[in-house]
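Visitor: The primary structure of each chain is shown beneath.
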Amino acid sequence: MIRQFAEWLSQTSLSILIQTHNAWVIPTIQSIHIIAIGVVLTSVLMIDLRILGWAGHDQTLRETTDRFGPWLSWALLVLLVTGISMVIGEPVRALLSFSFWLKMFLVAVGTLIAAILQITLKSNEHHWEQTLVNRRSVRSLAILTLLIWVGIVILGRLIAYDYVWGSWSLKPTA
Amino acid sequence: MDITGFLASLESSSLATGIRDSLYVFPLIESLHVVGLTMVFGTMLIVDLRLLGIASIRRPFTSITSDIMKWTWASFIWTAATGVLMFVTNANVYYHNFFFRTKIVLLALAGINVLIFELTSGRTVHRWHKDAAAPLAGRTAAILSLLLWITIIVMGRWIGFTTSQSKAPLDRDINLDDLFTPPANESGSPK
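These protein sequences, in sequence, are chains S and R. 1 is the number of the first residue of the first sequence in the numbering used here; add one for each residue after it. 1 is the number of the first residue of the second sequence in the numbering used here; add one for each residue after it.
Fair warning: there could be bad hints in the mix.
[To be verified] With a Cα cut of at most 20 Å, we get these calculated DMTMM-like pairs of lysine to aspartate or glutamate:
| no. | chain 1 | residue 1 | chain 2 | residue 2 |
| --- | --- | --- | --- | --- |
| 1 | S | K122 | S | E63 |
| 2 | R | K70 | S | D58 |
| 3 | R | K130 | S | E63 |
| 4 | R | K70 | R | E118 |
| 5 | S | K171 | S | E7 |
| 6 | R | K130 | R | E118 |
| 7 | R | K130 | S | D58 |
Hints are computed from structural coordinates only; laboratory data are not their basis.
Please model the entire structure based on the sequences and the hints provided.
Guide: Right under this line is the structure:
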């Protein structure tokens, strides 16, 4: 079914428009996508380093998320828009790729964790600043979150090499 | 040894053949290169926005750099190392590629930009590190830095699209329309 959807999408006029200009449109969108993931990755890094106490000693956690949270959200929006454009431009490349779907799962997890942090920090600032940042589970989650976003970047690049997954890839192989 | 011989010896080194012989190592190196370069760009962006007085303006410039620059340098070394590994696998093609050459020149300019910053606003940092923005020289360096790093990323992406591993000459009887349909097997086309 996903194959039929990918093939249908590749016949839509928007997809054909991107395909006919793909010599510069695809690399341009990919470049913007990479720049935005740089913002996301380092925003997550700075918040997680603050939770771990490895950076931002002169800042509260709330000050750190106030600085990097909005950049994180806006960059995620840019990633969503450029990501959707790439899927429309090259539906088969993306939608039949194992890396793509694993990446989408990790993006959902990473975004959920970021959203939960933002919401609970706003409603329970004192508890976060005084207690939670010292909990081993919270600190482990900070490291895990960082690894999730690094994994997302790696999987994003591996979409171009989906054969590395062998039979897990849905793509036809020659 | 001339440059062509040097490039050929890089390509025939056991390191380069080892990477080429594996279907998995090059994609992994390229992915780790992207992780490194996004970290370099993102951390530089934080510093540059502080210089420009756009973000983190209530924090002293020096506490930002002491938090961040170690990550920038570590990521830069990581990215350069993975870049060298990719280069040796196809040295001659990269060396003659316009976008690769441009990228190397821009990297050198980014280095010079840092050097000039250190010799100008960097020297008087104790006088302005609590100000909302850096002096003119510092703000200029920040804008140049952003423009350079964005262009470096764009050039890097274009290298992937212009350095096909295939060196097979075009068949004269080839149907041009066939060139515009993607191959069924994408392995070996690093875009």
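Visitor: Next step is simple, just say for each hint if it's right about the structure.
Guide: Results for each hint:
no., hint, result
1, S:K122 <-> S:E63, "holds (11 Å)"
2, R:K70 <-> S:D58, "holds (18 Å)"
3, R:K130 <-> S:E63, "holds (17 Å)"
4, R:K70 <-> R:E118, "holds (16 Å)"
5, S:K171 <-> S:E7, "holds (12 Å)"
6, R:K130 <-> R:E118, "holds (17 Å)"
7, R:K130 <-> S:D58, "holds (13 Å)"
Of the numbered hints listed earlier, not one is contradicted by the structure.
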